[in-house]
Amino acid sequence: MKSNNIVGASVPRKEGRDKVTGKAVYIDDMSMPGMLHGATVRSSVPRARITGITLGSGVAWDEFVIVYAKDIPGKNCIALITEEQPCLADGVVNHPEEPILLLAHPNRHLLFKAMQAVQIEYEPLPAVFTIDDSERQDPIIWGTDNVFKRFLIEKGDVDSVWSKADYIIESEYTTGAQEQLYIENNGVIASFDADTGLTLWGSLQCPYYVHRALKTLCGLPEHKVRVVQTETGGAFGGKEEYPSIIAGHAALLAMKSGRPVKIIYDRMEDMAATTKRHPSRTRHRTAVSRDGKILGGEIEFVIDGGAYTTLSPVVLSRGTIHAGGPYHWPNIRIRAKAVATNAPPHGAFRGFGAPQSLFAMERHMDRIAATVGISPVEVRQRNFLRPGQSTTTDQIIDEPIDLDRLLGRGLDLADYEAKRRQFSVQNKSSRLKRGIGVATFLHGAGFTGSGERYLASEVALEGCADGTVRILVSSTEFGQGTNTVLCQVAAETLGLPYEDVAIAPPDTSNVPNSGPTVASRTVMVVGKLVQSAAEGLRQTLLASGLAAGYSRQQFRDACSKYVAEHGALKSWAKYQAPPGVFWDDEKYRGEAYAAYSWAVYIAQVAVDLSTYSVTVEDFVALQEVGKVLHPLLSRGQITGGVAQGIGYALYEKVAWEKGRMQNGQMTNYIMPTSADLPDIRVYFEELGNEHGAFGAKGIGELPMDGPAPAIVNAVEDALGIPFNSVPLLPEDIFSAVSAAESSASQELPQGVR
Amino acid sequence: MSTSGGMCDVSFSVNGATRTVRVYPMERLLDVLRNQLGFTGAKEGCGEGECGSCSVLMDGELVNSCLVPALQANGAQIVTIEGLAEGPRLHTLQKAFLDCGGAQCGICTPGMILASYYLLMRKPSPTVEDIREALSGNLCRCTGYMQIFESVAEAAKQSQTGK
Amino acid sequence: MRSDPVDFELVAPGSLPAVLSLLAERPGKWLPIAGGTDVMVQYAAGKLTNRSLVSLWKLPELRRIEVSDDELRIGATTTYTDLRQHEITRDELPLLVNAAAWTGGIANQNRGTLGGNIVNASPAADSLPALLVYDAELILASVRGERRVPYGSFHIGYRKTILAADELVKAVCIRRQFRGFFSFSRKVGPRNAQAISKVCVAALARMKGEIVEDVRIAMGSVAPVPLRMEKTERVILGNALDAVTLQRARLAAMDEVQPIDDIRSTVAYRRAVCGNLVEEFLAKLAASPTNS
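Protein chains in written order, with this note's numbering: chain A, 1 to 753; chain B, 1001 to 1163; chain C, 2001 to 2292.
In case anyone wonders, no lab produced these hints; they're calculated from the structure.
Watch out, some of these pointers could steer you wrong.
Below, computed lysine-lysine pairings styled on PhoX-like, alpha-carbon distance capped at 20 Å [as the list claims (entries may be wrong)]:
1. B:Lys1157 <-> B:Lys1095
2. C:Lys2047 <-> C:Lys2029
3. A:Lys256 <-> A:Lys155
4. B:Lys1095 <-> A:Lys23
5. A:Lys256 <-> A:Lys215
6. A:Lys113 <-> C:Lys2047
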């Protein structure tokens, strides 16, 4: 089949026209006859027994639909990995903003007043708010020891390296929570009918996650729950598991009232009540030789999971596996745990544990370099994984990745050496201190280890009566280009024009479960299945008489004919684990991911010592991603991810007070505007990938890993002061600079600080 | 403009057509446009005038419609995203946003395009800095802004060369 | 949206005298709203306690900039965009125009007004330090007539002003005496656009030879009110811009401000940055071509 050059071209975004004309329908653009508006009454305390709930005066309560925990028809839980998280608090709350009861009313404006009039009495219980607090295990707020999950990775013989080390380098690194801040807040509409069952429309990433959660919560059989994704205005992981909660609330109200119920969060509620990136603490202790080679080390990686298990074990898993970075560790012990605190559960956010542990690793590499007296470039060159070597989980790198060369290319693109020299001269006499920093890293695509096998994703391709082709997947579009790329893959495989392939809306009554749209797996794993299903469709038509080397019209005619004769034309593909890929869940060893992407990120910063603020002036993002299926979309993923990474590093701080976010407005939670970001220069390399569609690996999350360490490395380069935490705010820089100054206690020349 | 029982009639033109609505004077223009008139292109992203997703043009000025009480729109000319295309023919900006990857999830896009439209009305040949400043009140979480700037620059170029 | 529109009334009497009558009828009842960029945010958050509002938007008497030989009279509902675009304000009041450019994004500049900024009386407001150093005077109007007060006397405490319950800020008057002054302004916020300031400074100076003949410095976000830095000015006035003066000015500034810890920043940071900004102002003044 001739190549159409669809894959590899920047074809038009399938739903693009609707987006630029304002016609795209997001959940709050939808309305139904007889619809009620719903709202959630939430806990105002972090941990307590509920001793009373009173509906106060001044509200016509008989006009409201009210749902309490006892009204739940199925199981009072949000089913995810465990069924531990209650949908509605039943006697006890474990975090601020925990849902307690639900209200609905035809007039949206009356809800807020009603919520204010609900009086809840609490008997406070002692609570825990930080990783350190949680580790003290007093109080125990979860399980027997406040620990949701532990992992242990061991390779080689770590205990033997200390005596051979020329340097033993120890440090601790921390990262804060981060809010996904999709511009479209969470929202759903639920509708229930005793005959047809429950339908849920919403802004979400994983229709089948919501489907499973609703079945369990509402006590309904599978075929009586239908979940439909509406156009989704950004997600980034924040709509991976969270929507099951808001969906559950709308569903319960819809079932109780018999009317459709819409729940839309406003920004304040969304920020305070929904998931955030897990805060983390990583401790490194590394044995290093005289010339900067890592002999071995211990890493302790801890994440704060909030009040319930939710996805913390999986976030922990990815963070743990990435903790060693793209380096060769002949010996290593990684101890990891996810601990409980009394905050709203933390959850999925692009990167999913890797940004946290890679921040630590990349800062630590610069620490090693400084201690040993070599450059940040040399320390990396001396420790990079090479093909044939094994990762911390004993996965052999079997593709021809040359990290040395990649780093060299990145340094050239960033003009690293020249700038570093230039800055060290200029900084002496300037109030503006410039620096340049490097981060090198990897990101595994797809679910970890046996995860993809467990997901057993399915995909279908349908030949339609009019001769066009439709893709049936549960993979969702939320800006990253799912619709476009999967259609490209199918069209290219079939040798059809891109216009002849469409993708069905993700509706669980109509599409198979191709797995969640997470983990940078859509193009790589689902795309590969689409390729298979397309191939299957082609074979069916060829077998039914379509000539090889067919034209577009011939295909259309054959397809229409087949459908007319057989009633339908559908081709299925189901995930098969690649042979020779083994993962041991007990020992946490083996092939953790089917493919890794590799990257070199370089940040140039200027620190203004009159305001202590950091500006990123230039950013190079170079990554090897297997194959770039759509240049414009791929570049857009990187620039967007880098922008979020810059926010993570320098701007986005969650101000916590007893487990509750205090700065839950866009005025006070600071994400970068167009005036804050540099040109982000993006470059790709393509080594191919046998496991991914047309050789693609995942790229969605990769860009989140590099910016924070590259930037903080650059700040250290600029100021000569190490920082080990993000977000790094001007106030933090001020504290460190003035501490350094007072300990140096020298008279500085006028006009220069 | 008559009043009765707290509500009043407010008239304004939207995309060239006069509309009259019966509203409470403190209803937000955003809500009136979306819920009463069906112009759902303007979105609520923050409700506090920070994200720009609700941007519309009011009497030729870019404003955040979540901060405009309906009464103050009386007699105004409003332009929303729905007013940019001429039937099936997209506005140069809309086409540029498609060609240059300026829209990803699309939720900021209507506001972003209107802010760009407002810029190009006053500065047909903007520099990158002009674009950066003009859009600094429109937050995008998906793109990192690069391809948005390029979309605007492309639209400016197309408009100069008369397509 | 956490308020119910049913609970609020908004009227637009259409002329300034009609507005003033309304304010006089029931002093304290009616909250004037111009572009709404502060009031509507409070309203949407469910925090607006005034239920009765009177619109000043589109009152021609209030949205204008009058230029006479010796003064500029800026109507209270002049928007930030108006200030940025007007030829004379751009030329002669750079501190005010810069502050206008910092305030919110373009959409908020199109609706935000100088009068609104003044009456909202947030110590973090961007344009208020400029008004202090320009020795602005306010015209306050009511049915009882008009009075003209120095802007420096307007703020008497955190979000408290001398405005009477039936009074409106009608105009801001600035004498045209600052041509040829060296001006310096800077806003320090958590990001480069759309930010509430952590510290902001507006400063003017004129040299006579090597000596500072006139100096005015005001800062925002460092006290319960926008702060005119009179003690710091006294340390500079009449002196040369040598290392000693700069150091003394820095220390005076750090001492004069009264910053707090809040959701945006810390006392120590704000204090240090104030000192740095004053020093930066003086260093730039010393290096400026007008200084010869």
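Hint check:
For the hint linking B:Lys1157 to B:Lys1095, the alpha-carbon distance of about 12 Å falls within 20 Å, and the restraint holds. With a C-alpha separation of about 16 Å, the suggested pair C:Lys2047 and C:Lys2029 falls inside the 20 Å cut-off, and the hint holds. This hinted pair does not check out: A:Lys256 and A:Lys155 have alpha carbons roughly 55 Å apart, beyond 20 Å. For the given pair, B:Lys1095 sits about 15 Å from A:Lys23 by alpha-carbon distance, which is consistent with the 20 Å threshold.
Between the alpha carbons of A:Lys256 and A:Lys215 the distance comes to roughly 16 Å, so the proposed pair stays at or under 20 Å and holds. In summary, the hint linking A:Lys113 to C:Lys2047 is supported, as the alpha carbons are separated by about 12 Å, within the 20 Å threshold.
The structure fails to meet hint 3 from the earlier list, while all remaining hints are met.
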